[in-house]
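Since the structure of chain A is already known, use the hints to place chains B, C, D, E, F and G on it.
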Amino acid sequence: MSDYTDRYITVFSPEGRLFQVEYASKAITGSNTYVNSIGIRSKDYAIVIAYKRLPEKLVDPISITHIFQISPSIGCVMAGSVPDARALVTRARSEAAEFHKTNGYEIPCNALSQRLANINQVYTQRAHMRPLGVAMTLISVDDEFGPRIFKVNPAAECIEYNAVASGPKEHQLLTYLERKLGDRRYAFGNWRRLANMGVKALNAALATTLESDEVEVGVVGINGFRKLTLREVKNVLRDVKWDILIERESRPCVV
Amino acid sequence: MSDYTDRYITVFSPEGRLFQVEYASKAITGSNTYVNSIGIRSKDYAIVIAYKRLPEKLVDPISITHIFQISPSIGCVMAGSVPDARALVTRARSEAAEFHKTNGYEIPCNALSQRLANINQVYTQRAHMRPLGVAMTLISVDDEFGPRIFKVNPAAECIEYNAVASGPKEHQLLTYLERKLGDRRYAFGNWRRLANMGVKALNAALATTLESDEVEVGVVGINGFRKLTLREVKNVLRDVKWDILIERESRPCVV
Amino acid sequence: MSDYTDRYITVFSPEGRLFQVEYASKAITGSNTYVNSIGIRSKDYAIVIAYKRLPEKLVDPISITHIFQISPSIGCVMAGSVPDARALVTRARSEAAEFHKTNGYEIPCNALSQRLANINQVYTQRAHMRPLGVAMTLISVDDEFGPRIFKVNPAAECIEYNAVASGPKEHQLLTYLERKLGDRRYAFGNWRRLANMGVKALNAALATTLESDEVEVGVVGINGFRKLTLREVKNVLRDVKWDILIERESRPCVV
Amino acid sequence: MSDYTDRYITVFSPEGRLFQVEYASKAITGSNTYVNSIGIRSKDYAIVIAYKRLPEKLVDPISITHIFQISPSIGCVMAGSVPDARALVTRARSEAAEFHKTNGYEIPCNALSQRLANINQVYTQRAHMRPLGVAMTLISVDDEFGPRIFKVNPAAECIEYNAVASGPKEHQLLTYLERKLGDRRYAFGNWRRLANMGVKALNAALATTLESDEVEVGVVGINGFRKLTLREVKNVLRDVKWDILIERESRPCVV
Amino acid sequence: MSDYTDRYITVFSPEGRLFQVEYASKAITGSNTYVNSIGIRSKDYAIVIAYKRLPEKLVDPISITHIFQISPSIGCVMAGSVPDARALVTRARSEAAEFHKTNGYEIPCNALSQRLANINQVYTQRAHMRPLGVAMTLISVDDEFGPRIFKVNPAAECIEYNAVASGPKEHQLLTYLERKLGDRRYAFGNWRRLANMGVKALNAALATTLESDEVEVGVVGINGFRKLTLREVKNVLRDVKWDILIERESRPCVV
Amino acid sequence: MSDYTDRYITVFSPEGRLFQVEYASKAITGSNTYVNSIGIRSKDYAIVIAYKRLPEKLVDPISITHIFQISPSIGCVMAGSVPDARALVTRARSEAAEFHKTNGYEIPCNALSQRLANINQVYTQRAHMRPLGVAMTLISVDDEFGPRIFKVNPAAECIEYNAVASGPKEHQLLTYLERKLGDRRYAFGNWRRLANMGVKALNAALATTLESDEVEVGVVGINGFRKLTLREVKNVLRDVKWDILIERESRPCVV
Amino acid sequence: MSDYTDRYITVFSPEGRLFQVEYASKAITGSNTYVNSIGIRSKDYAIVIAYKRLPEKLVDPISITHIFQISPSIGCVMAGSVPDARALVTRARSEAAEFHKTNGYEIPCNALSQRLANINQVYTQRAHMRPLGVAMTLISVDDEFGPRIFKVNPAAECIEYNAVASGPKEHQLLTYLERKLGDRRYAFGNWRRLANMGVKALNAALATTLESDEVEVGVVGINGFRKLTLREVKNVLRDVKWDILIERESRPCVV
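Protein chains in written order, with the numbering used here: chain A, 1 to 255; chain B, 1 to 255; chain C, 1 to 255; chain D, 1 to 255; chain E, 1 to 255; chain F, 1 to 255; chain G, 1 to 255.
Please note that a few of the clues may not be correct.
[What the hints assert, rightly or not] Covered stretches of chain F (chain E as the covering partner; in silico rule of three or more C-beta atoms under 8 Å from a C-beta of chain E): (1) 13-25; (2) 54-60; (3) 83-96; (4) 129-143.
Keep in mind the hints are simulated off the structure, nothing from the lab.
Please read all numbers here as calculations on a predicted model, not as lab measurements.
Note that CB positions come from ideal geometry on N, CA and C, so glycine has one too.
Just chain A, with the same shape it has in the complex:
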């Protein structure tokens, strides 16, 4: 049955599933994709981290970015198809600008996330356009509710998270984050500690040591969103290495 029904974008399968939407999710978590992303928040900050595997050695690492600023106070990390990500970011910026022009103040992060999810929903209902194969994690610090993390996926869901991960290693990353956060809604500490925690999660999930040009970090605080410079990323990675070293030595020897 699935031989046929999955060819038509907007049609339910006999089990009530929309195959195209599920396949689009595979463009994010499938083995032929390169990006893993993380979002974490504390009481004052929210950060996004992207681990990108460079497709070729000669690529200028700076030109491949998965962290984008949408408005002064909203940033995001994209996981999945890069061109689709660019299309959705362009749309997000345009929606944010339009909102600012119309209403005189910046679009709240939750409103923008809902709007983008609504746009994605149309791609899952109408024919002639496939869904976008990309998961978008938006972060912002709300004046009222503090740091918030929203994730918009190809199924057009828009969900708020305490911490979130996307990409082929999504499962391992989430397990790590769940263990660290437990039942708390916020992680402790300033953005440096959040970045430290995120990088350790990637280290653990990928079972590899990260290089500074493979990692991007975006931070949002009360003053708005910014991407960390390469130097700041290097510092984060160096701190993590020290921490791991110390941790290992302090571990009692198990025979």
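Then chains B, C, D, E, F and G, alone, in the frame of chain A:
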């Protein structure tokens, strides 16, 4: 035969069935969906309850809601696809606002339900758009007819109920409610008793104890619709636990 | 061959049949539908009766109706898909209102029936829309011709009847009515006798005793169309029970 | 091959045939259709006769008609799908009215027939619409050429006949008419004799005795077109019966 | 392969062929068509002849014509599908009239032929419309170039001929004409001799004797185009018969 | 695989090929086509030659032409489908006229060729239209660059050649021309010598002697483009015959 | 599965891949393509080199170019389908001109690359148009960032490279460039040294000696973009030959 005819949205099968509509219903009652909803009414109140299973542990439970306010006096609970639900709620709010602007008074709940069902009917007749995989249960207190419960489903039917349930456990919930209501058109008591009854129904059907962040309750009375706060939901759940405890103890021991 | 040709709405089969139209008729007479309807006329009245099986016990029976008023003097009973019925009734009312506004008098029942059949014909000729799976029986008392009954079906036929039935038990109902009417064009008596006759036909065809909330009756006389109240329906059903009782007793015992 | 090519409306088969057009003709001559029609002309009159088999016993025979007046001086008989017939008649009337309004005189019968054939031709060339499954026989008395009979078929042909027949018994009827007319272009006598001849043709072809409510007759003379009343039809049928009786008696006995 | 590619109108087959165009030609030369046409020219005249087999005996032969006047000086004979022929003639007349209105003089025959071929080309390149299954042979006497014969076919070719034939017997007719003309570009004599020659060609190719109501002849000279009257056609046929008789008698007896 | 992917015009095959474009090329080089064309240039002239095989004996050879004048200084030879050629020539003339009107001077040959190739590219990317099955060879003498030859093919390539050939014998013709030109960019001599060389190429490739009515020659010099008259073509052919005769006699005898 | 899903342009496969996009890339790297391209940058210059294999011997090598100037300061090399390349270059020039007109200064190379990638993204999401089978490598010297190389591919990715290659020998070329550049972001020297290095890469990858008419070189410095003349290219090739000769002699003999 069904291999082929179910691929085309708006076409009858030889038995006179519209497969796409039936498949869309599976998106509500299928095993891969997470929401069970209930609607009950008494002489003065109507309530809706949603039991949501959180997809992941790190999700902020507040961001996943299935109970929405459409107008000051109309609320609803959505079961099925979350993005489709959001699309239909957006349309419902827009229809309600349009009606209020045109006529100067609020849209009656039955008129709104009919209107939404008409919109759904178009999705079942024309090509190029699939039906929405969501069941909407609207509640309101009518000045003339008192509390009313309407359910709009993907087949575009709009039916008034004395009590209603949607979701994978629909069958068990309905059985419970039918036993409780018998032939009466209204349940007894204020909204607290209705909520109590609804939670017990969910307890029975799901064979589990509900957590406060998995349950949402919406109440409509003569003064309009509101969602219960987390604290109020907790109180309801606590009361239910006491009731069950008392009930169990007071039950004569059966060998 | 039929594997393929029936997938295309507007295409003739090699035998000159339009399969989609025939399948749409199955949506009216198929075993998974719930409505049986009857139309009868006498010299002064025409009535329509709908027998509806409630899909679930908790449904408010009043909210499921198959008898609609189209204009002050025209009523109808719909058999088949409920959402399609609502769509066609909405169209019929709009056509009737438009006619009244344009011409200053009410649309005659035969003109309206022809108009609706023409609309249905378009659904059988053009692609992109399926035919409506509903049979509409319109009644009215014409100033000139007296009571008239028209039936519009998915094949877009518009035929006048002396008495008519639609639904899964169509065949049995027609047999009963044919036996009662014989060659007469009108049944005898006022609307109470017509209703009595119709209920007996349903009793016989369904081999069950009707409940008052499963039966709807619409009556049209020289003063216009109205639906009977629940109380009036109860009276009709009670009378029928008495008649049957009397009839049975007065029947000579057959060994 | 024909499995596939006949599914596409406007495409030639390898043998240069248009299957859809041929299938549409089956809707006229197929065994599941009910109408047989005849057209005959004499020097002063042309008549059309329709023999309709009533689908159900309770149908009001008057409401099923296959003979229509298009303009004061043009009438027609339709064989095949009733809803398609209604659509084509509506179009014909509109074309005739438009012509009269534009030119100030009535549309000649041959011009109207050509126009309708042109409309049908479009349905055989373009996609998205099926051909109409109906054969239209138009009659009129031309000021210059006298009585004329035109037949427009689903293949979009428009041909003038001395006498013509359509429907499942087309072949038998034509054989009868050919035998009666021989090489003459006109039959003898006034319209009563034409009707007599037509009814006898139907009697012979159908091997049954016609009932007055199964026969419709339309007559066009120098003063325009009109349908015979039921009484006139009865008279025609009665005369035919007498004729047959007399003929049978006057026949020499064959052992 | 051809099972599939021939279903799509505007697509090349792997061998670079357009099947739909070839199938459309079968509508002209296939065995289920009825028309054979001829075009011949002399120094002063060009004629077209159509031999039509009447589909039924009761048809008025005058109403089936394959020779049409397009403008005062251009005539044509159509072979193939009659409704498609009518559509193309209508278009040709409209193009001719438009040209005359715009330029103040009549459209030359070659310009009109090219224009019609261009219209046909569009039907072979774009989807949604099939090619017209008809071959059009246009004749005219050009002020400068004298009598000209153009043939426009479904493949959208527009070719000038010294003499031409179309229809199921195209091959035999061409063989006859080639033998008669040899290398000459013009036949000898006035239009009577041309008609005589054409009828003999038909006689030879069809191996039958032509009846006057099966033959149409159109003649174009310096004064314009006209169709021969039935009487003139009869004279032509009678002359042919005499010629054949004489020829046969004067032939030496072959044992 | 190719069974399916080649049915859809604008889709890549797994090997990155566009089948429709390749099939369209078969319409030029396939065995069921009739035209072979050549283009050659010297320092002062460029010529195009078309060898056409007449489809039937009665065709007026003058009416079948494959050499067209586009503007005063641009000519072309078309190989492949004749109706597609006519469509592209019409478009080319319209583009040339438009350019002249807009810019006040004639369109340069390379600009026109690029423009036509761009138009062809659209046919290879978008659905709903097939590519044109024709190869166009344009010649012109550029004020700056001297004689130029451009070829535009169905794949939408536009390439300048020193000498070029198209048609079923393309391969043989190119081999001949390559041998004659060697590494030189221009052939020697005036247009008569070019024509002589082209005809010899055709003689060699086709292994037949050319007739004057099968050959067309177009010449462009500094004064513009013109087609040779039939007399001039005859002279060319006669010269070629003499040359071959002389060459053969002067050849030393090889045992 | 892939038999079917790859036929539909904008649909995800079950593994989350877009087959059409992958097939379009085959049009660049497949064995039936002719172009290999290289881009390299030093601190002051960026160059692009195209190695083109001429399809036929008689082609004027100048007319086949894969290096285009987009604006005074931006140049590009195209690999893959030539007609698609022309279409994308036309679009790029139009975008650049539009930007200059709107903003009064030239479009930066990264902005243009992003814009073209966005246009390509649309071809991968919407139906009815295939992706362009071409990879575009843009070079420019940015006032701020110095020489930059961007590559836009059919998947709509836009990536900055230190050095890049496209075409059937992409893999070998990249390996060579990676070995030469190591971890440096810029190669050493002026544009002559860059061209020297690029030609050696092609020599190595293709295992052949390049001819001057098979190589195109485009150079961009602070003063803008220009293509090297044939003479300059010859000089580059000559230098390379000398270098190889010297290198070979200076190599110690290995037994």
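Evaluated hints:
no.: 1; hint: 13-25; verdict: holds (count 5)
no.: 2; hint: 54-60; verdict: holds (count 6)
no.: 3; hint: 83-96; verdict: holds (count 5)
no.: 4; hint: 129-143; verdict: holds (count 5)
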